[in-house]
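Undergrad: For reference, the chains in residue letters:
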Amino acid sequence: MADLSANFLGIKSPNPYWLASAPPTDKQYNVLRAFEAGWGGVVWKTLGSQIKNVSSRYSSVDYNGNRMMGFNNIELISDRPLDINLREIAECVRLFPDRAMVVSLMADNSREKWHELIAQVEDTGAHGLELNFGCPHGMTERGMGAAVGQDPEIARMVVEWVMEKATIPVITKLTPNVHSVVPSGRAVVEGGTNGLSLINTIQSITGIDLDTLVPNPNVAGKSVFGGYCGPAVKPIALKMLTTLSQDPVTSRVPVSGIGGISTWKDAAEFMLLGATTVQVCTAVMKHGFRIIEDLCEGLSNWMDEKGFRTLDEFIGKSVHKLTHWEDLDINYHIVAQIDQTKCIHCGLCYIACEDTSHQSIDLLYGNPYNTYSIREEDCVGCNLCKLVCPVDTCITMVEQRRGDEYVNWMEFQRRGLPLNDH
Amino acid sequence: MAIVNNRLTAEQYEQNFSDIHPPFESREAALIEANRCLFCYDAPCMKSCPTSIDVPKFIRQITTDNPKGSAHTILSANILGGGCSKVCPVEKLCEGSCVYNLMNEPPISIAKLQRFSTEKAITEKWPLFRRKPSKNKKVAVVGAGPAGLSCAHALSREGVEVTIYEKESKGGGLMTYGIAAYKVTPQFCEEEVDFITSLGGITIKYHQELGKTVSLADLQHQYDAVYLGIGVGLARQLDIPGETLHGVEDAIRFIYNIRTNGYPATPVGDKVAVIGLGMTAIDAATQAKRLGAREVTIVYRRTQAEIPCTEAELAIAKLDGCRLLWLAAPQEIRGENGHVTQLVCRQMQLGEADASGRRIPVETGETFVLEVDMVIKAAGQMPFEGLISGNQLENRYGKITIDATGSTNLRGVFAGGDCVNGGKEVVDAVQAGKDGAKAILEFLKYFSGFGLHG
Ligand SMILES: Cc1cc2nc3c(=O)[nH]c(=O)nc-3n(C[C@H](O)[C@H](O)[C@H](O)COP(=O)(O)OP(=O)(O)OC[C@H]3O[C@@H](n4cnc5c(N)ncnc54)[C@H](O)[C@@H]3O)c2cc1C
Ligand SMILES: Cc1cc2nc3c(=O)[nH]c(=O)nc-3n(C[C@H](O)[C@H](O)[C@H](O)COP(=O)(O)O)c2cc1C
Ligand code: SF4
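Chains as they are written, first to last, in UniProt numbering: chain A, 1 to 422; chain B, 1 to 454.
If you are wondering where the hints come from, they were derived from the structure by calculation, not from laboratory data.
All residues carry an ideal CB built from backbone N, CA and C; glycine is no exception.
Any given hint might turn out to be false.
Taking lysine-lysine pairs in the DSS-like style, the calculated list, with each CA pair at most 27 Å apart, reads [what the hints assert, rightly or not]:
| # | chain 1 | residue 1 | chain 2 | residue 2 |
| --- | --- | --- | --- | --- |
| 1 | A | Lys342 | B | Lys47 |
| 2 | A | Lys222 | A | Lys265 |
| 3 | A | Lys386 | A | Lys265 |
| 4 | A | Lys386 | B | Lys167 |
| 5 | B | Lys57 | B | Lys135 |
| 6 | B | Lys138 | B | Lys92 |
| 7 | B | Lys92 | B | Lys212 |
| 8 | A | Lys386 | B | Lys125 |
| 9 | B | Lys57 | A | Lys342 |
| 10 | A | Lys239 | A | Lys286 |
| 11 | B | Lys125 | A | Lys342 |
Below, a sample of chain B positions facing chain A; criterion: calculated Cβ distance under 10 Å [unchecked claim]:
| # | residue |
| --- | --- |
| 12 | Phe39 |
| 13 | Pro44 |
| 14 | Ser48 |
| 15 | Leu102 |
| 16 | Asp218 |
| 17 | His221 |
| 18 | Arg358 |
In isolation and in its complexed conformation, chain A is listed as follows (with noise of 0.2 Å):
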């Protein structure tokens, strides 16, 4: 059996799973609720100056049916008092001392009120903090939040701030919010952060109530941009914390990845691109805490198959797979083909194909099932067919080399090969 168990900058926990710092996080309740459940860690809500939430606060995007595909909040930082949060941290490190406690902050804008705040969460005995400079809204209006991530001068005193007096490792939580992650994230490696996270939620509006005109959520017939997360926003997290396992700074620390993580696959996919450990709070917020068995379950098997003992042998291994475009082979070449006997003839691949790509699939008209076939001259491979089949295996691309040697496009220019004809 796998061994799940994840050391980040020391702090240790039984699997890579944490909880993102979020409502699952923000109270003793369902903390010991969660580490109860299995999760490996909490980072413990966002704590700074208190504040006062509104109502309504969430929203969020259905797909075809599936609730919460997306996911957005105009929640703030915790609402609840600080001694009565750092009292229930220190409990919940008592009865699980095994488990990683890792703090979220936000202090006001100077740096006696960092100093006192870390001073305060350190009696704790929390094992680290995780700076918030990702929080999308409410905040920014203060001066605070992902107004501090999105200007990396900003964020590297504040960091600096921090690590004047911070004893235990700081990871410092990136806004996705900024055209590019790498220079904030260069900017507080270099103000001499521990670790990064990323991301936290995304600005957006999910959607407006169609009768009353008024954007989600409505408070009292106003809304605010929101933050977005959940499956919706994987895609893009897993492609900003590539860009910081590919810098030569930001890569010098490590990364625990957070966005839209809802199953053990996703899990490998963000450590696949560098995450030490993973930060799960829509899914959970979702399901609840009971989804971890399946999150670690997933993962060992999968670690078994592959042959991987440890977190660490697999950590970042498809980082190098990534490469710039004019580096792709442009003699490779895959052509679409549809096994018959798997064909349902419902048609989708060829309609995709006809209306939106290269019209390579004939239709042999009958009643009621038509048969489709690719015409391979025509096919370029681009996929599309294949990802519209609702059978897994029925179309598979075939590999179809348009020469032996590898071509990249400068050298396919350098050579004057000939581009298309139509």
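With chain A held as given, fit chain B with the ligands onto it using these hints.
TA: Relative to the frame of chain A, chain B with the ligands by itself:
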């Protein structure tokens, strides 16, 4: 042993005749099913619907919260789409060709979704259609059954004034008078007829019978065109001794009584034999059982491999506890004091296959006797041959002959539905009505001066 009515309590009747295909309980339930739909291109389900309803489109419109669009998609192809959602033998139509069948998954519940999308539109009379400006043309439709109603609606939408002549006191044809009560209620049929006529431009004249109160010549004279949608008549005679005994009943008449007089008022025997195994036989047998008959036996000349009804229909009869007697051909009905007491059957066996590949039942020479007090005949229906031939309408064994355009041999007289095809499904009649309307519109365009009037 006796044929009596009022066998059950009101609650028992209510329960026995409740909806056999209940609707979705909620919008959410419908959405779960609608979201399973793959939205096939050139969809097999659409091709398998005689009226070519764009099934993927109407289901998608459920998922996008566009109920009006969904109802419009259905009803613009099939104005009886509401009724069809309850009575169509979908296992051999749309649902039978759903691609999920090829994955060995249950097909999309197309009919149930169709019902979901149409029911509200019909009961609340959503104004989904608007008439085009008047064409100053008048068309007479004979028969307010599915064919006639469909033709009338299509014509009226195009701005034609339509008058329907109907011999009964209600519209809907066999929908109202023939189809099993647990599939569709007379009340629903009435709402559906009202919905269709709410378009305007359609007047139904009840108690008007072609050949009695009105003549074809008069209609030809008064209107620019005539459409005949008179369906088929009563059950075929068996031509065996004893058919006139008290207790021998025609299936169509039996069901007509249930639907017009109500359940308690319809008498049924203790031990009932039903002859035939088409849709009508199944309906008669199951409804006899549901009215309280103790024993119902369906007598069929052939075997299960040759049944004309669908497996799903047969399953209903079996579940209702009807007994099936295969390879049994009625020879004689015997009685005492004028009342049925026995049905004598010839034992058959399967012989050579005929041209269509069906094996022909042949006699074994043996006979056997069933003790019964009621015999319901459902061995097929007969066209109104006398009426049709009497009006010089070309026909084959009473089925009106039409050409490729939908026209009969009489200029300006069109026909469709059961009276042409000899008896198929409601949905076929609806398509026939559409085809007829199209042919009439073409005809009106080129023969604008038609008619002996004016
Ligand atoms: C017992 C039974 C069960 C059935 N079950 C089903 C089922 O479950 N599903 C299904 O899809 N189909 C079923 N059918 C078939 C379906 O009912 C018919 O195919 C359909 O109703 C045909 O429509 P139509 O308009 O051609 O004829 P009809 O429905 O027969 O309508 C003809 C109309 O013309 C009127 N008419 C007749 N003669 C005259 C006249 N001389 N003057 C004026 N008016 C006249 C009649 O009163 C009637 O209103 C069933 C049929 C029967 C008999
Ligand atoms: C309701 C809600 C409140 C959140 N509050 C915080 C917070 O206080 N501090 C913080 O750093 N992130 C907060 N987040 C962001 C999450 O920690 C996480 O980064 C984000 O939701 C992406 O992960 P997910 O896709 O698994 O939900 C919050 C998210 C949600 C949904
Ligand atoms: S891979 Fe792309 S181009 Fe080729 S058949 Fe499929 S959709 Fe068409």
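Undergrad: Hint by hint, say whether it matches the structure.
TA: Status of the hints after comparison with the structure:
Note on Lys342 of chain A and Lys47 of chain B: the hinted pairing holds, with a Cα-Cα distance of about 21 Å set against a maximum of 27 Å. Of the supplied pair hints, the one linking Lys222 of chain A and Lys265 of chain A is violated, its CA atoms being roughly 38 Å apart against a limit of 27 Å. Simply put, Lys386 of chain A and Lys265 of chain A have alpha-carbon atoms about 21 Å apart, close enough for the 27 Å limit, and the pair holds. For a cut-off of 27 Å, the pair hint linking Lys386 of chain A to Lys167 of chain B is broken: about 58 Å separates their Cα positions.
Taking the CA atoms of Lys57 of chain B and Lys135 of chain B, the gap is about 32 Å. The hint is violated against a cut of 27 Å. A distance of roughly 38 Å separates the Cα atoms of Lys138 of chain B and Lys92 of chain B; the hinted pair therefore is violated under the 27 Å criterion. Between the alpha carbons of Lys92 of chain B and Lys212 of chain B the distance comes to roughly 39 Å, so the proposed pair goes past 27 Å and is violated. A C-alpha spacing of about 44 Å is found between Lys386 of chain A and Lys125 of chain B, which places the hinted pair above 27 Å, so the restraint is violated.
This hinted pair checks out: Lys57 of chain B and Lys342 of chain A have alpha carbons roughly 25 Å apart, not beyond 27 Å. Distance hint between Lys239 of chain A and Lys286 of chain A is fulfilled; the C-alpha atoms sit about 24 Å from each other, no more than 27 Å. About 44 Å separates the Cα atoms of Lys125 of chain B and Lys342 of chain A, which puts this hinted pair outside 27 Å; it is violated. A distance limit of 10 Å between C-beta atoms decides the matter here; for Phe39 of chain B the minimum to chain A is near 7 Å, and the interface restraint holds.
Interface restraint check for Pro44 of chain B: the shortest CB-CB distance to chain A comes to about 4 Å, inside 10 Å, so the restraint holds. Interface hint at Ser48 of chain B: satisfied, since its Cβ lies 5 Å from the closest Cβ of chain A, which is below the 10 Å cut-off. The interface hint given for Leu102 of chain B is met, as the beta carbon of that residue sits about 4 Å from the closest beta carbon of chain A, less than 10 Å. For Asp218 of chain B, the suggested interface contact is broken, since its CB lies about 43 Å from the closest CB of chain A, more than 10 Å.
Annotation: interface hint on His221 of chain B violated; nearest CB of chain A at approximately 43 Å, more than 10 Å. For Arg358 of chain B, the interface hint is violated, the least distance from its beta-carbon to any beta-carbon of chain A being 23 Å, above 10 Å.
Hints 2, 4, 5, 6, 7, 8, 11, 16, 17 and 18 from the list above are not met by this structure, while the remaining hints are.
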